[in-house]
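**Student:** Sequence:
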Amino acid sequence: MALAAQYSSKEVEQKWYDYWMQHNYFHSEPNDKEPYTIVIPPPNVTGILHMGHMLNNTIQDVLIRRARLKGFNACWVPGTDHASIATEAKVVAKLKAEGINKADLTREEFLKHAWEWTDKYGGTILEQLKKLGASCDWERLRFTMDDTMSASVIQCFIDLYNKGLIYRGHRMVNWDPEAKTTLSDEEVIYEERQGKLYYINYKLEGSDEHLVIATTRPETIFGDTAICINPNDERFTHLKGKKAIVPVVNRVVPIIEDEYVDLEFGTGCLKVTPAHDENDKMLGDKHKLEVVDIFNDDATLNSFGLHYQGKDRFVVREEIVKELEELGALVKTESHLNKVGTSERTKAVIEPKLSDQWFVKMKDLAEPAIKAVLDSDEVNLFPKKFENTYRHWMENIRDWNISRQLWWGQQIPAYYFGDGKEDFVVAKNMEEALASAKAKTGNNNLTEADLKQDEDALDTWFSSWLWPMSVFDGIANPDNADFQYYYPTNDLVTGPDILFFWVARMIMAGYEYTGKQPFTNVYLTGLVRDAERRKMSKSLGNSPDAMKLIDDYGADGVRVGLLLSASAGNDLLFDEDLCKQGKGFINKIWNAFRLIKGWEVDAGAEQPEASKKGLEWYSERFKQATEEIEDHFSKYRISDALMVTYKLVWDDFCSWLLEIVKPEYQKSIDKKTYDAVIAALEDNLRILHPFTPFASEEIWQTIADRTPEEALIVNEWPAIAKPNLAMLEHFELATQVITGVRAIRKDKNISFKEELELHVLNTEGFSADFDAIIKKLGNLSVLKTTESPVEGALSFRVKVNEYFIPLTGAIDIDAEIAKIKEELAYTQGFINSVAKKLSNERFVNNAPEQVVALERQKQADAQAKIDALEKRLAALS
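Under our numbering, read the sequence shown as residues 1 to 877, first letter to last.
Treat the hints with caution; some may be incorrect.
[As the list claims (entries may be wrong)] In silico BS3-like pairs for lysine-lysine, Cα to Cα no more than 30 Å straight-line:
| id | residue 1 | residue 2 |
| --- | --- | --- |
| 1 | 196 | 353 |
| 2 | 722 | 775 |
| 3 | 612 | 784 |
| 4 | 662 | 588 |
| 5 | 784 | 70 |
| 6 | 623 | 671 |
| 7 | 672 | 597 |
| 8 | 819 | 130 |
| 9 | 10 | 775 |
| 10 | 130 | 196 |
| 11 | 671 | 535 |
| 12 | 311 | 94 |
| 13 | 516 | 588 |
| 14 | 748 | 672 |
| 15 | 15 | 130 |
| 16 | 635 | 516 |
| 17 | 597 | 753 |
| 18 | 428 | 438 |
| 19 | 10 | 163 |
| 20 | 438 | 361 |
| 21 | 332 | 196 |
| 22 | 361 | 286 |
| 23 | 662 | 775 |
| 24 | 580 | 597 |
| 25 | 516 | 339 |
| 26 | 332 | 163 |
| 27 | 748 | 722 |
| 28 | 871 | 753 |
| 29 | 667 | 746 |
| 30 | 311 | 332 |
| 31 | 516 | 535 |
| 32 | 102 | 90 |
| 33 | 428 | 440 |
Rather than coming from a laboratory, the hints here were simulated on the basis of the structure. Since the structure is predicted, the reported quantities are computational estimates derived from the model, not experimental observations.
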């Protein structure tokens, strides 16, 4: 069958993915092999493939395919995350477009809509991962809202509550007024924004005197319940024990003293709003101040906002400034740069809010997770630079707010009864809750109608932190065979932006429930950015369509393009030309295969010496490359591993070996050489397969008829062996000789068809092992040693060896002499300028040592070139 002139990714990729699926190569069951396990960072169930996903999942697929080839029982568990805030927002928006208000629905009615949405859009990203070539064990697909997964989450909540590690508290929380839910500290992104500092007069009670307060949030004066001064501030000793009147509100508030107040900020007087600032809440608790909550859940003002009731906080900010100005209470405004907390999901400005919420005590849970990463090698971060970030966060960890005012997610298993907020029990279901409530109250007349389950859902990350265990049912059923075999997992590939959201919490959960780390190595990829270093996002319009990239360049081309510049922990500056380069690499491999398959094989022909030596060299070069690749993989330098593979195939195999063994035009190749080249190609395909699975399988299966057991995906990774470094060094010198001959041909416009003689003054004692290759690739009729320089010959050097090509009539001697004289004059001018610089004592004494050394090297190199040019000129003359 004739090979296609061009590699067609569209024809190849679906064919081989279907073949792999048909033969169940991706599926893993416990056996006597050593397991190698990766759990996917579950993407949002309603998400689509973006550049970050492509990079992350390509790396995971490289690792899993390589493990499969290395004989491990490789298991890559796929799944999706219910993404409570993001998904609920999408469902709410969809319902709104249909004229349905969430508030008009029961929880059950809303969840029905959410499941319909999930069923419709939930599989998109998984199908896209298949297009990328992801060899996940699709039979093990998990979703964080699956019944078994939810059961694990509920069991974890109950267990931690019973251990005293989960509690309900009235605390200042981060409130997202758009999603109308609390957020954990890690879900708040702080941005520097240009705002204003407003200086406002507060009148003293019973006096015409005023004091001035500086605030960035004048709309919160409706919640002011005190003014605070520093007791050490001599400017305000006359205010001690007095009261002030809040403008517009006309509330009389006490003037309190506390060293918390910064003497240098603003005016030195601080307005205290305990309901809307964490530090103010601390002052309020300490001084027993009234707490006035002025905001509704959507950050509009409530009845405490008086005539501003129902208006948005930012609208009120503008309007109250005008009112204060009209009242003569606004002294001045100044520009002010401050940090504003925003929601990681909705981008809304966060509002500090007092609320009854559920929290996890983190300090004790964090201890083993700190030791695992920082004091042992149980969990290794790649690159290690993230250890300092990890340390800072873990050692300053705060309790985790895990309740969300949402319906999409696992409902908190707390059941309330009676009138008080403290009258509740925590239980797996209503039946168990009722039994517990009866036992707690001693009231056997309670019924299910007397109990009401907490309306809130658990934070999405509270399900995700169990992921490496719950995917194997390790929480509910820790003795099951899968969990015992696959856990702990091996590698985790994720982004540094969720090092704390997810990675650290999984480590904590792993030690809490198993006493073991959930994974051994964490490979932290960089973020994918555009050429202007901007993070790729839909809002900026700078994120290419992932599926279009695959369509244009093939999955293998995109994989190579992404990995070539994706060093661990460093951001990837994406350029579509990278994918073009990847596609070009696939075409190079395909064309090399076509070249080999196009040769006619002569079973009776003798093997040429050049082919024999070339194959011996390539065998050693392959050993050297695989040794380097192994080292890079051990250090999670995936990009470097690909680069070694890329250069081996493109430079060593295609540009050197195939040129060495290629038969002359219209002549056949001997069978021994042909078989060895095919074997070398197959070795190449083995190490290429993790990076370029589709093209490598296509070529592998086209080389020969293979049974399903002989497919490349389940073949063997080449054995690691020590290379013959001396042979590799000798070949490298031989390539320099060939390059020298070719340079002279090009420079003198000598046709490659014209044979040349090459004489060598072998001062270095170079090996003659590769002379046959030099003769073939240089098209030399003669290659011999000489005891003295050859008169009237062109020459070049490799180390101190001199090589001479006797002149023929094809070369214009006069023109060559003129050219050498011109080059000699230029080089002499250059060396004079360097000598002048080195004779300058000020330069030599003041310039850095390495700069002076570089100039001396330039001088030595230029002198060596002058010597060679003068010898060549003498020979021609």
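**Student:** Decide, hint by hint, whether the structure agrees.
**Tutor:** How the hints compare with the structure:
Pair hint residue 196 plus residue 353 holds up; C-alpha atoms about 22 Å apart against a cutoff of 30 Å. About 29 Å separates the Cα atoms of residue 722 and residue 775, which keeps this hinted pair within 30 Å; it holds. The hinted pair formed by residue 612 and residue 784 meets the criterion: a straight-line CA distance of about 20 Å does not exceed 30 Å. Using a Cα cut-off of 30 Å, the hinted pair residue 662 and residue 588 holds, with the two alpha carbons roughly 16 Å apart.
For a cut-off of 30 Å, the pair hint linking residue 784 to residue 70 is broken: about 47 Å separates their Cα positions. Under the criterion of a C-alpha separation no larger than 30 Å, the hint pairing residue 623 with residue 671 is consistent with the structure, at around 24 Å. At roughly 15 Å between alpha-carbon atoms, residue 672 and residue 597 fall within 30 Å of each other, so this suggested pair holds. Restraint check: the Cα-Cα separation between residue 819 and residue 130 comes to about 61 Å, which exceeds 30 Å; the hinted pair is violated.
A threshold of 30 Å between alpha carbons decides the hint, and for residue 10 with residue 775 the separation of about 43 Å lies outside it, so the pair is violated. Of the pairs offered as hints, the one joining residue 130 and residue 196 is violated, with about 51 Å between alpha carbons and a cut-off of 30 Å exceeded. A distance of roughly 54 Å separates the Cα atoms of residue 671 and residue 535; the hinted pair therefore is violated under the 30 Å criterion. Taking the CA atoms of residue 311 and residue 94, the gap is about 25 Å. The hint holds against a cut of 30 Å.
Annotation: proposed proximity of residue 516 to residue 588 is violated, straight-line Cα distance about 46 Å (limit 30 Å). In summary, the hint linking residue 748 to residue 672 is not supported, as the alpha carbons are separated by about 37 Å, beyond the 30 Å threshold. Only pairs whose Cα atoms come within 30 Å are accepted, and residue 15 paired with residue 130 is accepted, the gap being roughly 12 Å. As the CA atoms of residue 635 and residue 516 are separated by approximately 23 Å, the hinted pair is consistent with the 30 Å bound.
Using a Cα cut-off of 30 Å, the hinted pair residue 597 and residue 753 holds, with the two alpha carbons roughly 25 Å apart. About 15 Å separates the Cα atoms of residue 428 and residue 438, which keeps this hinted pair within 30 Å; it holds. Straight-line distance between C-alpha atoms of residue 10 and residue 163 comes to about 56 Å, which puts the hinted pair past the 30 Å bound. Of the pairs offered as hints, the one joining residue 438 and residue 361 holds, with about 28 Å between alpha carbons and a cut-off of 30 Å not exceeded.
Pair hint residue 332 plus residue 196 holds up; C-alpha atoms about 10 Å apart against a cutoff of 30 Å. For the given pair, residue 361 sits about 23 Å from residue 286 by alpha-carbon distance, which is consistent with the 30 Å threshold. Annotation: proposed proximity of residue 662 to residue 775 holds, straight-line Cα distance about 14 Å (limit 30 Å). Taking the CA atoms of residue 580 and residue 597, the gap is about 26 Å. The hint holds against a cut of 30 Å.
With a CA separation close to 39 Å, the supplied pair residue 516 and residue 339 exceeds the 30 Å bound. Of the supplied pair hints, the one linking residue 332 and residue 163 is violated, its CA atoms being roughly 54 Å apart against a limit of 30 Å. Distance hint between residue 748 and residue 722 is unfulfilled; the C-alpha atoms sit about 42 Å from each other, more than 30 Å. Restraint check: the Cα-Cα separation between residue 871 and residue 753 comes to about 29 Å, which is no more than 30 Å; the hinted pair holds.
As the CA atoms of residue 667 and residue 746 are separated by approximately 26 Å, the hinted pair is consistent with the 30 Å bound. Taken as a hint, the residue 311 and residue 332 pair is honoured in the structure, with Cα atoms around 24 Å apart against an allowance of 30 Å. For the suggested pair residue 516 and residue 535, the alpha carbons sit about 35 Å apart, so the restraint of at most 30 Å is broken. For the suggested pair residue 102 and residue 90, the alpha carbons sit about 12 Å apart, so the restraint of at most 30 Å is met.
Taking the CA atoms of residue 428 and residue 440, the gap is about 16 Å. The hint holds against a cut of 30 Å.
Of the numbered hints given earlier, the model fails hints 5, 8, 9, 10, 11, 13, 14, 19, 25, 26, 27 and 31; all others are met.
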